[in-house]
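Number of protein chains: 2
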Amino acid sequence: MSAEDRGRTARSILFKNIDVLTGDGGVLYNANVVVSGGVIAYVGTEMPESGGVIQRVVPGRGRVLMPGLVNAHTHVPMTAMRGYADDVPLSRWLSEFIFPVEDRLDARAARVCAEIAAAEMIRSGTVSFSDQYFFCDEIARTAAETGLKANISRGTVGGPDFDRATDARLRENVALYDQWNGYDGGRIRVDFAVHAEYTSVPAVWEAVADEANARGAGITFHLSETKGEQERCLEKYGETPTALFEKAGLLGPRTVAAHGVWCSPEDLAILARTGTSVCHCPCSNLKLGSGIAPVKRMLEAGINVCLGTDGAASNNSLDMFGEMKTAALLAKGAELDPTVLPAPTAAAMAAVNGARSQGRETCGLIREGYDADLILVNTRTASLTPNHEPYSTAVYAAVGKDVEMTMVNGRILYEQGDLKTLDWERVRAEFFAYAAPKLFRS
Amino acid sequence: MSAEDRGRTARSILFKNIDVLTGDGGVLYNANVVVSGGVIAYVGTEMPESGGVIQRVVPGRGRVLMPGLVNAHTHVPMTAMRGYADDVPLSRWLSEFIFPVEDRLDARAARVCAEIAAAEMIRSGTVSFSDQYFFCDEIARTAAETGLKANISRGTVGGPDFDRATDARLRENVALYDQWNGYDGGRIRVDFAVHAEYTSVPAVWEAVADEANARGAGITFHLSETKGEQERCLEKYGETPTALFEKAGLLGPRTVAAHGVWCSPEDLAILARTGTSVCHCPCSNLKLGSGIAPVKRMLEAGINVCLGTDGAASNNSLDMFGEMKTAALLAKGAELDPTVLPAPTAAAMAAVNGARSQGRETCGLIREGYDADLILVNTRTASLTPNHEPYSTAVYAAVGKDVEMTMVNGRILYEQGDLKTLDWERVRAEFFAYAAPKLFRS
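Here the protein sequences come in this chain order: A and B.
Residue numbers for the first sequence, in my numbering: 1 to 442.
Residue numbers for the second sequence, in my numbering: 443 to 884.
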């Protein structure tokens, strides 16, 4: 971190007379929040003790302060393919569109596409993301430079000839861990990843589990995303991916399973018992025709359910506000019950549950001592008037473009149209000058 | 219309070197579009003949021009209750929250709430809306003054003692028709409405059909929104609401049925055969736990399916971009097929199909001779980069806040943060000074 960055982090800011959505279902009206030294130093309706000099006062009237959002499953370089292959069958989507472009991807193109994603995420109130892809070093650099928090992993795949000692992907993940895990006080963490059951064999699962567990690192994988995947696994092994992954040592409180659309009730019981988080990606699951995940059952089972946008090729947005709304609405519609997945639950899924899935125990809530990962939403606009209840406003009415300020560890990454850590015009120019011709020449 | 308004309408504008989403699946890249006298005078890749003086040139690079959106089913005064009663069962939602507030509604409160809705709609690219509510005169005045197009109706309800000659609601609808239908060259139209089968009797249906058909006016109603509604109607009459309404003379090419979530395949065949439009409201249907409408079947049956947000109490947004995305995603997820409801179909549902449902035959497409109801979307932002395919960008990635300009009949109602026909600070102040204390005193 540069000296300038440290200076920013250490700045004390008072959000004054502001409505606070604490993230655990609580609301404080007309409260004061002090950020100091990168953490939340005070939250309450009194004026805080003057434990330090307040360097800036942000007037809170007509604003809601809420925890920054955590995109718990995405693939940031895939912004390259936003809108590139929509409305086509999944097999064609992969073989004709996604794979050929990925074959042409290089570090420079991956970097600029990660930067597009970072710009979009910061602008729309995301403070942290979990990413499983390749060119992970470029993803880590992008997080490092833009100020975002990130959990990054390299998905391991492999067939019968998989050798844990020499597998390039697994070695890459280990090297990534050695280089980046714990960067900037843990702002960047490195997880280990199995891509998915259907692209790997038990030796891969065990190797990934061993590498992660030896380090106390996080684990992630795609799980039971499609019906065919679940059925073919049952045919092949006589067990579900969830049951197989448990035996391989992949499940536990440091693990995040993405999707889980076709998990059986027994699978959900295993996930709950092992403390495994599930990252629900409703927009992607709908858009790819994968189906509707049993979120009500997941929550009833006591699973820590978080939210992710998945990549921009299957959403096509990285706006976590959209994901919150879709999650809350879809669960109600699928269950024919408007009381399912109420707004405070959706908000918790998008922040504190996501932070927990990343192993970040003091993130995702507005609470004294927690990291100052905060966003400010302007509710004085027509689309957010009236604001009867801040959770309803945030989940059902707001979009990412209602965010006025995004802060990570007390550092302001975005405010009022201004990205502080990224030169958007430079990123855009670089995409069209280098990445677009390289990836989409034809 | 004031002289100033006529001046604005008559202004000639050239959108130069712009990508045009025509609204019928077509795209013109780097084209020129001339608006003159309130209509689209030229669309093409040549420079237009100089048939008149161009008074303003709008540079099109990094922008997409698309047809303005039509919100084909809403209740604009219900913005008062945005976020007021979320996540509760439908019966409590109505009896404990919505009905008591509606009882306290008066003309002044209804007006300011309609203005909030107008501000939100104009800002997010909606050019026309269809509204069934009460205080219709205030809704009509709001449309008249803000420049929006609107089809407005007063929902008729009634039991065994219904008398068509004296019924206050039906007489109100007739008076509304006499006062407002055809205003400003047809910018405002008045339809007739049955609220719903379950709040009325056959005498109501026949009376509304007679009044509308005598005038060649449009007809609208809520249809088979919930499973209980469909089942109780079958129990009571031995027929579905659709079959009953057909016999009463309510169906036809001037009719819009809202929702249709629980329509049977036979119902859909009737709607298709009679040329009745269906207004799909996916967000509201999900949020109230009503279910998932069979949109794929509706489209396959040949029904003109349009889109609506429903009221802000059950969405809680009037952003038609959100409705397009939800419609397209939900149909794919429900059918487990990513090819269902492709982006160009969703875009057509949100514009030309909506215009058709309103009886506006020369609206909803970017085509010479059509009304200049246009919106400009800025695609240079991170969230819309890259823009591989304009329909995908509009449907899957854009939100209303990406709209830079909204134009109705050639008149600019919104541009770059500036609402031209509404003073938003005045509206907001009036809401908090008058409507909020009146409606939510407690």
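Warning: the hint list may mix true and false statements.
Claimed, not checked - Calculated lysine to aspartate or glutamate pairs in the EDC-like style (CA-CA distance at most 16 Å, straight line): (1) 669/B to 337/A; (2) 296/A to 246/A; (3) 843/B to 404/A; (4) 669/B to 361/A; (5) 669/B to 681/B; (6) 227/A to 681/B; (7) 401/A to 779/B; (8) 227/A to 857/B; (9) 843/B to 857/B.
If you are wondering where the hints come from, they were derived from the structure by calculation, not from laboratory data.
Values in this document were obtained by computation on a predicted structure and should not be read as measured data.
Restraint status (C-alpha distance of residue 296/A to residue 246/A at most 16 Å): violated, 22 Å
Hint consistency between residue 669/B and residue 337/A [alpha-carbon to alpha-carbon, up to 16 Å]: Holds, because 12 Å separates the two Cα atoms, which is no more than 16 Å.
Going straight from one Cα to the other, do residue 843/B and residue 857/B come out at no more than 16 Å? Status holds; Cα separation ~11 Å.
Checking one constraint from the list: CA of residue 227/A to CA of residue 857/B, max 16 Å. Satisfied? The hint is violated at about 46 Å.
Is residue 843/B within 16 Å of residue 404/A, Cα to Cα? Satisfied, since the Cα-Cα distance of roughly 13 Å is no more than 16 Å.
Are residue 669/B and residue 681/B close enough, with their CA atoms no more than 16 Å apart? holds, 14 Å
Checking one constraint from the list: CA of residue 669/B to CA of residue 361/A, max 16 Å. Satisfied? Given that 16 Å is the threshold and the Cα spacing comes to 44 Å, the pair is violated.
Taken at face value, is the distance from the CA of residue 681/B to the CA of residue 227/A at most 16 Å? violated, 37 Å
Starting from residue 401/A, check that the Cα of residue 779/B is at most 16 Å away, please. violated, 30 Å
Of the hints listed earlier, those the structure fails to meet are numbers 2, 4, 6, 7 and 8, in rising order.
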